[in-house]
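K.L.:
Guided by the hints, dock chain B onto chain U, whose structure is given.
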Amino acid sequence: MSNPVEPQQVQQVAKLARIAISEDSLAESAGQLNQILGYVQQLQAVELPADVKPFFGAIESVNAIRADENKPSTDREQILKNAPDSNGEFYQVPPVFK
Amino acid sequence: MDLTNLSATQLLDQLKSGDLSAVDCNEFFLKRIQAHQSLNAFVDVGENGSGSLAKSAELARTRAAAIDAGEIKGPLAGLPVAIKDGICAAGVETTASSRMLERFVPSYDATCVAQLNQAAAINVGKTNMDEFAMGSSTENSYFGPSLNPFNTGHVPGGSSGGSATAVAAGLAPIALGSDTGGSIRQPASFCGITGLKPTYGRVSRFGLIAFASSLDQIGPMAWTAEDCALAMNYISGHDVNDSTSAKEDVPDFTQGISDSLAGLKIGVYPQFFADGIDPAVETAVRDAIKVYEELGAEIVEIDLPHTASAVATYYVIAPCEASSNLSRYDGVRYTHRAEADSLDQMYMNTRGEGFGAEVKRRIVLGTYALSSGYYDAYYLQASKVRRMIKHDFDQAFQKVDVILGPTTPTTAFKLGQHTADPMAMYLADIYTVSANLAGIPAISLPCGMSEGLPIGLHLQGRSFDEATLLKAAHQYQQATQWHKQRPSMDQEVSA
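Chain order of the listed sequences is U and B. Per the numbering used here, the first sequence starts with residue 1, numbered consecutively. Per the numbering used here, the second sequence starts with residue 1, numbered consecutively.
If we strip away everything but chain U, and leave its shape as in the complex, we get:
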């Protein structure tokens, strides 16, 4: 992981994140990512007790459970109002396969 991120790798990661990035901005993006990754590299040097457990959440509560009760959900029409495209009761999207 000491290898700097190459512009092509930025393109690959952006594709995984489904973000279109223009070819001419790749070099700048790679430069900024390498600067940030270079900075966070210091985490590798932090001495940790062998048995340290990762801390993923700021409170470590037990599983939250509640009674399973029927309640009206948000109105479908209202939710679909925010959709860029819909058809009757459904979201509408461009074709998945050509």
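Simulated from the structure, these hints should not be mistaken for lab results. From a predicted model like this one, the values you see are computed outputs, not experimental measurements. Every residue, glycine too, gets a C-beta built ideally from N, C-alpha and C. Heads up, some of the hints might be wrong.
[Unchecked claim] In silico DSSO-like pairs for lysine-lysine, Cα to Cα no more than 30 Å straight-line:
1) 53/U with 55/B
2) 53/U with 384/B
3) 81/U with 15/U
4) 31/B with 16/B
5) 53/U with 399/B
6) 247/B with 55/B
7) 265/B with 390/B
8) 53/U with 247/B
9) 384/B with 290/B
10) 55/B with 73/B
11) 484/B with 290/B
12) 399/B with 414/B
13) 81/U with 55/B
14) 73/B with 265/B
15) 247/B with 265/B
16) 71/U with 247/B
17) 384/B with 15/U
18) 247/B with 73/B
19) 484/B with 16/B
20) 290/B with 265/B
21) 73/B with 71/U
[What the hints assert, rightly or not] Heads up, incomplete: computed chain B residues facing chain U, CB under 8 Å, no partners named:
22) 210
23) 214
24) 347
25) 349
26) 351
27) 352
28) 382
29) 449
30) 450
P.N.:
Frame of chain U, contents of chain B only:
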């Protein structure tokens, strides 16, 4: 009648006594919002000249009239509140200052908004922010930056910069912000107001547009600690709609803030004054330490060795969580869609054009850090260091009740000063991110001025002990006048 010198608590007293009607009070602030639009404190989107700000104003006027008519009653009746635009208010555009959500109208209120409504407060508008709360200056807003009322050539901080600008400019007596790495406290510091990030879990996140779910927390921003205590009484508590909200008892935060600080143990970590701190900030914070000694507190040196890694830890964990949270903006459900002839290309184009540069940078960074082969080295390692940071605080709070330091290393920087250098911007959060990583509450309050710009004092406390922070902040504000500094607004052209 100038209401800008009154705190929210004083304003509420006037409303309750009947000296001030809800209509007059709201009209005063709505007019100021209109007159100071050049500060860009509020998000105003919408079509045909009837923007979201006009919509909020219309709803506020209706509510104020209903309150004066006695049709709506509550303990905060008539109190104007500005709401950060990352927090949903039913029927009012909620954009998180992103092009991606430019036309998004929530169908429900965030729990904190519903609680304030229940108390009969009045939402006067949605405040500008860094896009999806990612940033420290509001310069990442799709709608342009808010300006610091103390000097409009400087940033108000971020991401809750619009809320800070609104309070500091007297456009609203109190505002809600959200804080993921300092986004309430850093702008509060830059704008000379008081801002509280509650303990993680204290305030429901239901209806807060998610950035990094293990770090995000909603909190109040106002002139005084007493005002923050007032707001906390209404927005705190467990919520069935947020399984991470805590089932802790909620005290009356306004009770006990006048109690003596005698015997309070305040921890100071010498590294808070290390390289990079502006000498004027250091002097102001050291002066604040003397004030606390005079108030009877005992100053104790503490060690927080792992906080040196806090910014690095944060800039792994927050982007990882963001990359997951923001996957929902795919052009299917949330207003913005770029045209394309296949579904996959539609996702790519929508996210490519709907997100701004900083949001894309963090999604890519998070996706990279979580990808196969890198997860252990980045996310897992950062989460282990996060444990050590929490452990440092646990140890420190066995010796002290409060930890004191600067909120930010400098006063508000200039517009454009850090926009080309993401790392320099990230370091603006150096003193604030640890509290989010550990989940503890923290407050920023004004403690000085340097070259016309406010300086912030940072107090961190034990989990669910906001009461001690509020008491310590309130006592400081009884002994000093820094929270009464107001910007001179004549440099800004009124409409």
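K.L.:
Against this structure, judge whether each hint is valid.
P.N.:
Hints, verified against the model:
no.	hint	in the structure
1	53/U with 55/B	49 Å, violated
2	53/U with 384/B	6 Å, holds
3	81/U with 15/U	29 Å, holds
4	31/B with 16/B	22 Å, holds
5	53/U with 399/B	24 Å, holds
6	247/B with 55/B	36 Å, violated
7	265/B with 390/B	19 Å, holds
8	53/U with 247/B	25 Å, holds
9	384/B with 290/B	37 Å, violated
10	55/B with 73/B	22 Å, holds
11	484/B with 290/B	20 Å, holds
12	399/B with 414/B	39 Å, violated
13	81/U with 55/B	18 Å, holds
14	73/B with 265/B	41 Å, violated
15	247/B with 265/B	28 Å, holds
16	71/U with 247/B	23 Å, holds
17	384/B with 15/U	29 Å, holds
18	247/B with 73/B	27 Å, holds
19	484/B with 16/B	23 Å, holds
20	290/B with 265/B	13 Å, holds
21	73/B with 71/U	28 Å, holds
22	210	14 Å, violated
23	214	5 Å, holds
24	347	4 Å, holds
25	349	5 Å, holds
26	351	5 Å, holds
27	352	3 Å, holds
28	382	6 Å, holds
29	449	32 Å, violated
30	450	28 Å, violated
Consistency with the previously given hints fails for numbers 1, 6, 9, 12, 14, 22, 29, 30, ordered from lowest to highest.
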